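Asks: Each protein sequence line maps, in turn, to chains A and B.
Counting with the working numbering, you get residues -16 to 96 for the letters of the first sequence.
Counting with the working numbering, you get residues 34 to 147 for the letters of the second sequence.
Don't read these hints as lab results, they were simulated from the structure.
Note that this is a predicted model, so its numbers are computed, not measured.
Hints are supplied without guarantee of correctness; some may be wrong.
As the list claims (entries may be wrong) - List time: in silico EDC-like cross-link candidates among lysine to aspartate or glutamate, alpha-carbon distance up to 20 angstroms: (1) A/Lys66 - A/Glu42; (2) B/Lys93 - B/Glu49; (3) B/Lys89 - B/Glu75; (4) B/Lys89 - A/Glu42; (5) A/Lys40 - B/Glu109; (6) A/Lys25 - B/Asp35; (7) A/Lys25 - B/Glu75.
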Amino acid sequence: EPEVTQTPSHQVTQMGQEVILRCVPISNHLYFYWYRQILGQKVEFLVSFYNNEISEKSEIFDDQFSVERPDGSNFTLKIRSTKLEDSAMYFCASSKGQQETQYFGPGTRLLVL
Amino acid sequence: GDSVTQMEGPVTLSEEAFLTINCTYTATGYPSLFWYVQYPGEGLQLLLKATKADDKGSNKGFEATYRKETTSFHLEKGSVQVSDSAVYFCALSDRTGGSYIPTFGRGTSLIVHP
């Protein structure tokens, strides 16, 4: 069964460094998403992406964040200058349509020191 | 704004015990309600959903009924197995604002002992 994959599974970085989290959505899906979950807190929506542009974003998704679909398979989340409070589990998801079920990847655990 | 509140975990049960995980919500419109499950090392998977009041979602022996009068969507299973050990997330999607993005609760960890 097709699944969403994410790399790396764990990432440790120093405050102020740039990180890129990678996702490979399911191949025939058109909508892509990033969520995060700070330890012990809720899963929070960051951004959705469709037709090579951001379709929706939350207040969390500020200028430090960017997303890109650099080729036909990858979907990336970049954090330009990481802060301690960016430490969280980051989930990628994809769906066929806007109202369709979202399929989630296993997550990347980011730790900022 | 919209919000989801679910019971604190972990919930620890013996195999074949009855499971209830409580979930209540606040929404401005008429949301769809969901339960997602996350098994260790995996992503969130949609477990079941209900789109209108009094609907019952069911899957893999789990059930939840959309109760508009109590704004609740409690997850139940009659006899849990060790393999049900996972984190369970309640979520809603309220299309009032034109968005289909789900709002999640914090998750409830379930541990089932043999």
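Asks: Each hint should be assessed against the structure and marked as holding or not.
Replies: Against the structure, the hints:
no. : hint               : in the structure
1   : A/Lys66 - A/Glu42  : 16 angstroms, holds
2   : B/Lys93 - B/Glu49  : 14 angstroms, holds
3   : B/Lys89 - B/Glu75  : 26 angstroms, violated
4   : B/Lys89 - A/Glu42  : 33 angstroms, violated
5   : A/Lys40 - B/Glu109 : 33 angstroms, violated
6   : A/Lys25 - B/Asp35  : 13 angstroms, holds
7   : A/Lys25 - B/Glu75  : 17 angstroms, holds
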